[in-house]
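Fit chain B to the known structure of chain A by using the hints.
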Amino acid sequence: MEKLVFALIFVVTVGSAVIVAFSRNLIYSAFALIGTFLGVAATFIILQADFLGLAQVMVYAGGILVLTVFAVMLTSRIDQDQNNNPVTNYKAVVPIMLGFLLLMISVIGSDKWVMSESTVPATISSIGNLLLTRYLLPFELISVLLLMAMIGAAIITRRYVRQNDRE
Amino acid sequence: MGITGYLVMATIVFSLGIYTVCTRRNAVAYLMGIELMLNAANINFVAFAHYNGKNLDGQIFSLFVIALAACESVIALAIVLGIYRSYRSIDTDNVATLKN
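Taken in sequence, the protein lines are chains A and B.
Mapping the first sequence onto our numbering, position 14 (from 1) lands on 14, and the numbers just tick up by one.
Mapping the second sequence onto our numbering, position 46 (from 1) lands on 46, and the numbers just tick up by one.
Hints listed in this document are in silico derivations from the structure and should not be mistaken for laboratory results.
Keep in mind that a hint or two might mislead.
[Claimed, not checked] Straight line, CA to CA, 20 Å or less: simulated EDC-like cross-link-like pairs of lysine to aspartate or glutamate:
(1) K3/A x D50/A
(2) K91/A x E72/B
(3) K54/B x D50/A
[To be verified] What the simulated footprint calls covered on chain A by chain B, stretch by stretch (three residues with Cβ under 8 Å from a Cβ of chain B suffice, anywhere in the stretch; the number is not a length):
(4) 49-61
(5) 102-116
Beta carbons: idealized from backbone N, C-alpha and C, even for Gly.
Extracted from the complex, chain B is given alone in its bound form:
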């Protein structure tokens, strides 16, 4: 089996993330799709690092991706809560004004 199974799994999770990001209107559901895509990328990094066998660069990169995902999630959810306070909705179709 080797690396192929992991790559196929990461591809499926990534496509589901694309679907979630493109179809949802709820801003929190967008974030869930982004988390799915980041996780798929991490699976690829770790699988290649394991089957490369010489160094751990892929795992280090994956660690940085996890930290970046935490930052992104915190900031995005703070913005979502702010939008909800002023619009009473986080439906992205309603939040279309740039000013006032």
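So here's chain A without its partners, still in its complex pose:
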């Protein structure tokens, strides 16, 4: 049963990642990204990381994806040409990609992984405890970073609006 579920998730995740990588139309890539994000969230959930799965759905599928679709629709002329996602130098990249893929798969397949079943239940409360005790400093730093990103994005977009007004 677990293998069947994993096979389904594998097909959804990798299939939509293939569409993201190879689609000729940028808007198809953006919408195929939903499948990848939800597939990764499902992977987290069957790995018993339920809080991370929820965070993945909220942050990626709810936030980053909406931003990306907004950027696609604001910047590229999707109604005018079908081929709005041009591809360059793929002849050089495909050997690199396939070489990396084969190297990694041979490394993964050659080793015997020592696995022990997870003994840490109730991940939300344990993650909360860890964030407020052992990882308190990175937690605070990441909140300052989020604030800086918010202010920075506002400043970057505002400057160009002012230049447009002056013209």
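For chain B alone, kept in the frame of chain A given last:
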């Protein structure tokens, strides 16, 4: 099956991210490739944390990666919109001037 399936899935998604970043000329498509690579790294972190079985450090790290990806995405898309306003294009071959 164990951890191998998850590692193979993460590797495939990561290679597709490399392909997307290296071949696309559209700046938003670059960002999609970067998101693919970050997601692949997260799969690895969570899989190792699950099969390690002693602590949750991998999940915490993955949480930080998600927050960093959100920051990166916001800033990069703001820059892309700014570039589009001044160049009327986000094709990275056209945006090659450093000044004026």
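Tested hints:
1. Restraint check for K3/A and D50/A: satisfied, since their Cα atoms lie roughly 19 Å apart, inside the 20 Å limit.
2. Pair hint K91/A plus E72/B does not hold up; C-alpha atoms about 29 Å apart against a cutoff of 20 Å.
3. A hinted pair counts as satisfied when its Cα atoms are at most 20 Å apart, and K54/B with D50/A qualifies at roughly 17 Å.
4. Three residues within the 8 Å Cβ limit are the bar, and the stretch 49-61 of chain A against chain B gives 7, so the coverage statement holds.
5. Counting residues of the stretch 102-116 of chain A whose beta carbon lies closer than 8 Å to any beta carbon of chain B gives 7, which reaches the threshold of three, so the coverage claim holds.
The structure is inconsistent with hint 2 alone, although it conforms to all the rest.
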